[in-house]
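Colleague: Sequence:
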Amino acid sequence: MSKANPRRRREPVYWWTAEIADLRRSCLRARRLFQRSRGRHDQETHSANYASARRLLRVAIKTSKRRCWRQLCDEVNNDVWGKPYRIAMSRLESPQAKQPSSPLLVCGAVAALFPRVLSGPTLRLPRRAEEPIPAVTL
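Using our numbering, read the sequence shown as starting at 1 and increasing by one per residue.
Check each hint, because a few of them may be wrong.
What the hints assert, rightly or not - Per label pair, the in silico range of CB-to-CB distance:
#, residue 1, residue 2, range
1, Lys98, Arg67, 45 to 55 Å
2, Asp22, Leu113, 52 to 62 Å
3, Arg54, Met89, 25 to 35 Å
Claimed, not checked - Below, simulated EDC-like cross-link-like pairs (lysine to aspartate or glutamate); rule was C-alpha separation at most 20 Å, straight line:
#, residue 1, residue 2
4, Lys83, Glu11
5, Lys62, Asp79
6, Lys65, Asp22
7, Lys65, Glu130
8, Lys65, Glu75
9, Lys65, Glu11
10, Lys62, Asp22
11, Lys83, Glu93
12, Lys62, Glu19
I should point out that these hints are in silico values taken from the structure, not numbers from a laboratory. Just so you know, even glycine gets a beta-carbon here, dropped at the ideal spot from N, CA and C.
Working from the sequences, and respecting the hints, build out all of it.
Modeller: Structure (structure tokens):
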């Protein structure tokens, strides 16, 4: 399996820190050790190590998100078009839909979505002002 291209790395989320990266590394290591130790005598210790590493990672992520959210809220008051705006707009952007390249595809889609009706309802012309309006009865 080929490794990911190191030049095309995704930009980390705004709440990601070096501490979280270290905790994630240790959590993944603990998970691998736990998975390898299944059915062995040291399974319980590796299970406990993995659970504590996961808990530490989860707590660190929650505190970092909370701290960064407060910073973003404070930053909005200072710079409206800054980082908070860019984060909000990146969530609202959606990928553009591709247009069909073939006219036959377009015709087929239109024919499937809008079938032709040979005998449709007849449209009545609007009433003229001089025609009486019939009374409504219940």
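Colleague: Against the earlier hints, flag every one the structure doesn't satisfy and list their numbers going up.
Modeller: 1, 5, 7
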